[in-house]
Amino acid sequence: MEKAQYERVQFNLNQELIDYRDRVDDLYELTNKTLERTIEYERERIATERGLHAEAKRWLMQEVSERDNKVSSLRLELRNRHAVQSLLPIGFYRQRDDREDAGKLKDPGRHRDHSPEWSDRHVGSREDIGKPTAGYCVQGETGQEELSGFWR
Numbered sequence: 487m488e489k490a491q492y493e494r495v496q497f498n499l500n501q502e503l504i505d506y507r508d509r510v511d512d513l514y515e516l517t518n519k520t521l522e523r524t525i526e527y528e529r530e531r532i533a534t535e536r537g538l539h540a541e542a543k544r545w546l547m548q549e550v551s552e553r554d555n556k557v558s559s560l561r562l563e564l565r566n567r568h569a570v571q572s573l574l575p576i577g578f579y580r581q582r583d584d585r586e587d588a589g590k591l592k593d594p595g596r597h598r599d600h601s602p603e604w605s606d607r608h609v610g611s612r613e614d615i616g617k618p619t620a621g622y623c624v625q626g627e628t629g630q631e632e633l634s635g636f637w638r
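Just add 486 to wherever you are in the sequence shown, counting from 1, and you've got my numbering.
Since the hints were derived computationally from the structure, they do not count as laboratory data. Possibly wrong hints are sitting among the right ones.
[Claimed, not checked] Listed next, with one range per pair, are the computed distances between beta-carbon atoms:
1. Glu488 with Thr524: 48 to 56 Å
2. Leu516 with Arg536: 25 to 33 Å
3. Glu549 with Gln571: 27 to 35 Å
4. Leu516 with Tyr492: 48 to 56 Å
5. Ala490 with Glu515: 53 to 61 Å
6. Asp554 with Thr520: 32 to 40 Å
7. Glu541 with Arg561: 45 to 53 Å
8. Thr524 with Glu549: 52 to 60 Å
9. Thr520 with Trp545: 51 to 59 Å
Note that the Cβ used here is the ideal one computed from N, Cα and C, for glycine as well.
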C-alpha cells in the first residue's frame, strides 16, 4: 500500500504543480496584457501631449506674430510721425498775442506747441501764395496739423 499511497501523493503533487504552473502562466499572460495596455495608454498620452503641445505652440506663435505685427505697425506709425515732425519748419509761425513783439517770429529753436498763441497761417509774402513748399505744416482751425503743399 505504501507504493499506491506514494503514487497517489506523487500524482497529487504533480497535479498541484500543474495547477501552479497554469496559474503562473495565467498571471504571466495577464501581466503581459496589462503591460501592453499600459504601454499603449502611455503612447496615446504622449501623442496627445505632443499634439496639444504642437497646438499650443502654433497658437502661441500666432499670438506672437500678431503682436509683432502690431508692434511693427506702431513703430512705423511712430517713425512716420517723427518724420513729419522733423519736416515741420518751426520758425514759420507767428505768435498770436498783444505783446510788442507780436509781429516777430518766435524763436525757431523752440518746439511749436498747439496753444492758441500760434497763428493759423504761414508767414510769407503775397508772392509766395500758390507756390509749392516742401510739405510744410499748417495749423488748421481744429488745432490739428495738416500737411500743405502750398503756401496759404
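We went through each hint and held it up to the structure:
| no. | hint | result |
| --- | --- | --- |
| 1 | Glu488 with Thr524: 48 to 56 Å | 52 Å, holds |
| 2 | Leu516 with Arg536: 25 to 33 Å | 30 Å, holds |
| 3 | Glu549 with Gln571: 27 to 35 Å | 33 Å, holds |
| 4 | Leu516 with Tyr492: 48 to 56 Å | 36 Å, violated |
| 5 | Ala490 with Glu515: 53 to 61 Å | 37 Å, violated |
| 6 | Asp554 with Thr520: 32 to 40 Å | 50 Å, violated |
| 7 | Glu541 with Arg561: 45 to 53 Å | 30 Å, violated |
| 8 | Thr524 with Glu549: 52 to 60 Å | 36 Å, violated |
| 9 | Thr520 with Trp545: 51 to 59 Å | 37 Å, violated |
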